[in-house]
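K.L.:
Quick mapping for you: the protein sequence lines, in order, are chains S and U. With this note's numbering applied, the first sequence has no gaps in its numbers, which climb one by one up to 354 at the end. With this note's numbering applied, the second sequence has no gaps in its numbers, which climb one by one up to 286 at the end.
Treat the hints as calculated values from the structure; they're not laboratory data. Note that the Cβ used here is the ideal one computed from N, Cα and C, for glycine as well. The hints are all genuine.
Which stretches of chain S does chain U cover? Using the computed rule of at least three CB atoms under 8 Å from a CB of chain U, they are:
(1) 98-111
(2) 236-245
(3) 285-299
Quick partial rundown of chain S residues pointing at chain U, CB under 8 Å, derived from the structure:
(4) Thr233
(5) Leu248
(6) Gly249
(7) Ile250
(8) Asn251
Single-letter residue listing:
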Amino acid sequence: MNRRRFALTLATSVVALALVVAIAVTIGPAGISLAEVTRSIAGHLGLPGGGGVPLLTDSIVWQLRLPRVLTAGAVGAGLALSGVVMQSITRNPLADPYLLGLSSGASLGAVAVLILGVGFALPAAAFLGALAALVATLSIARVGGTITPGRAVLSGLAIAQLAAAGTSFVIFWSAKGDSYREILNWLLGSVAGASWTSVGIAAAALAIVGTGLVLASTRLDAFVFGDTAAASLGINVNATRWALLAAVALLTGAMVSVSGSIGFVGLILPHLVRGLAGPGHLRLLPLAAVAGAAFLITADTLARTVFDPRELPVGIVTAFIGVPVFIALIKGRKSASWA
Amino acid sequence: MGVTITGLSLSIDGRTILENVSAAVPAGAVIGLLGPNGAGKSTLLRLIAGIAKPDAGAVLLDNVAVGSLPRREAARRIALLEQNAAPSVDLSAHDVVLLGRIPHRSRVLGGFGGDDDREVVAEALHAVGVGDLADRLWHTLSGGQQQRVQIARAIAQHPSLLLLDEPTNHLDVSAQLSLLSLVRQQVRARGLTAIAALHDLNLAAAYCDHLLLLDAGRLVAAGTPDEVLRPSVIAAVYGVDCDVIPHPRGGHPVIVFSPAGREAERAESFRGPS
Numbered sequence: 016m017n018r019r020r021f022a023l024t025l026a027t028s029v030v031a032l033a034l035v036v037a038i039a040v041t042i043g044p045a046g047i048s049l050a051e052v053t054r055s056i057a058g059h060l061g062l063p064g065g066g067g068v069p070l071l072t073d074s075i076v077w078q079l080r081l082p083r084v085l086t087a088g089a090v091g092a093g094l095a096l097s098g099v100v101m102q103s104i105t106r107n108p109l110a111d112p113y114l115l116g117l118s119s120g121a122s123l124g125a126v127a128v129l130i131l132g133v134g135f136a137l138p139a140a141a142f143l144g145a146l147a148a149l150v151a152t153l154s155i156a157r158v159g160g161t162i163t164p165g166r167a168v169l170s171g172l173a174i175a176q177l178a179a180a181g182t183s184f185v186i187f188w189s190a191k192g193d194s195y196r197e198i199l200n201w202l203l204g205s206v207a208g209a210s211w212t213s214v215g216i217a218a219a220a221l222a223i224v225g226t227g228l229v230l231a232s233t234r235l236d237a238f239v240f241g242d243t244a245a246a247s248l249g250i251n252v253n254a255t256r257w258a259l260l261a262a263v264a265l266l267t268g269a270m271v272s273v274s275g276s277i278g279f280v281g282l283i284l285p286h287l288v289r290g291l292a293g294p295g296h297l298r299l300l301p302l303a304a305v306a307g308a309a310f311l312i313t314a315d316t317l318a319r320t321v322f323d324p325r326e327l328p329v330g331i332v333t334a335f336i337g338v339p340v341f342i343a344l345i346k347g348r349k350s351a352s353w354a
Numbered sequence: 013m014g015v016t017i018t019g020l021s022l023s024i025d026g027r028t029i030l031e032n033v034s035a036a037v038p039a040g041a042v043i044g045l046l047g048p049n050g051a052g053k054s055t056l057l058r059l060i061a062g063i064a065k066p067d068a069g070a071v072l073l074d075n076v077a078v079g080s081l082p083r084r085e086a087a088r089r090i091a092l093l094e095q096n097a098a099p100s101v102d103l104s105a106h107d108v109v110l111l112g113r114i115p116h117r118s119r120v121l122g123g124f125g126g127d128d129d130r131e132v133v134a135e136a137l138h139a140v141g142v143g144d145l146a147d148r149l150w151h152t153l154s155g156g157q158q159q160r161v162q163i164a165r166a167i168a169q170h171p172s173l174l175l176l177d178e179p180t181n182h183l184d185v186s187a188q189l190s191l192l193s194l195v196r197q198q199v200r201a202r203g204l205t206a207i208a209a210l211h212d213l214n215l216a217a218a219y220c221d222h223l224l225l226l227d228a229g230r231l232v233a234a235g236t237p238d239e240v241l242r243p244s245v246i247a248a249v250y251g252v253d254c255d256v257i258p259h260p261r262g263g264h265p266v267i268v269f270s271p272a273g274r275e276a277e278r279a280e281s282f283r284g285p286s
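All chains, full assembly: derive it from the sequences and hints.
P.N.:
Here is the structure:
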């Protein structure tokens, strides 16, 4: 993909994302038109053409639906970026924050803070949980200095199960009436409780870590033939790898602290977007972020409308879409060497 | 000038991999690095590349200690072709060669995103004879073509030292010969020095100006193919019986192995049924 085609693709996909956001806000039990949505948003941003929307409609748009849609978008973008970086750094097509246990670790960290009242801010605790899970997964998977993709996924599974059990235990221990729903939301992921605070946390993490990752795209490119090749291309392999993995843990932690652990976004989006953007991270990362945002907003819109008035945790929808892609990835692999 | 190795030693987990290896390698030559499996060839290449650190000793490239160079500086001078390299995602030949530009480009915006190095990439692909394969995906290339693309990547890196770890592995005879003659030709044309770990003694004798022979982590012989490839040396290192004769056309040494067990078999058949 040359420079001009990339610029055009990125611009088109950003416009498409804006449209997805606006349309997602119109969808719901209370019928709200696209015009009302734009007028309400414009009014709050102080743009011309804003205002003149009934008070109830305005507060549904601004207080309920928009924060939820934007949170879903930022979380989807963050998880897709995390997946791209993990797949490149570990050279593992199955690497993603959910399969390798980071999301569950982050959930456990977040829940521990919420319920036990440990003195950390929520995203910081989720970050520490994600980082601990990542370190545990990679050290279990490592045999004689190398980590095969299959072993990484198996170790991730073990860590994810442990952290999920820990999360459920902590919630049960402090049981209240709605514990089941709370457990489900952390384990399967949900943005139903999104507020402007969640938008702020997710968007800030996305902007800061995402910028850092884009600036590291050359280094990510250099890992395509492995650690030795990266070193021979002038990369400080160990420092770079740990910095990037810490960045992924930070990003995943922030996302999980507002949404619980949502699976498969980080796994499938990188593969789908790589087909379009090519292997270069400078182009892959921004496009994956936009696609991840659009994907999770769409999934969450389905989750809250298909069985209306009941609402599904969004992780159920991403699993229904993601698992078939996961199976196709396993089946489509030509070599058996990674298992 | 060239490469000077002084007293390199390395042990990993108490096992000695290399022990006090010293050698001087002439600039502008193709050097063969020989030795049985586990002799320390790959490790020595990694130490020369500055990717691994020795316990003792140093590698000087044109009188500069490789170990003291920042990684990026080392990468501008030394290119390494690994054994059995395979990318983790589908790459075109063009993308692979573009990787070689990373040490020369901006740290931030220099990866596959670079469109400015198209000429360097095209020239390198053309130089190794696969100019028409630029858009082909890596996994659709033959083993010989993949190695040529890797050499193009190394050329695009503009090094003064080219390190190759068993570049002829898994190639058929014709691809082995044409690959090593390509290495020779590029070394001559670009004034490089190349060090290639090789298994095949006859290939080494045919294509290398100078040989280093490792055995169990120690340098046991160094010099021209005629000096190194003597029956007594080969018998001591590899434990095989052989004769060395001059090539009928090239004059370089040819090693003719005496297959173990076959002589006894033949002696028996001469005796005939009793």
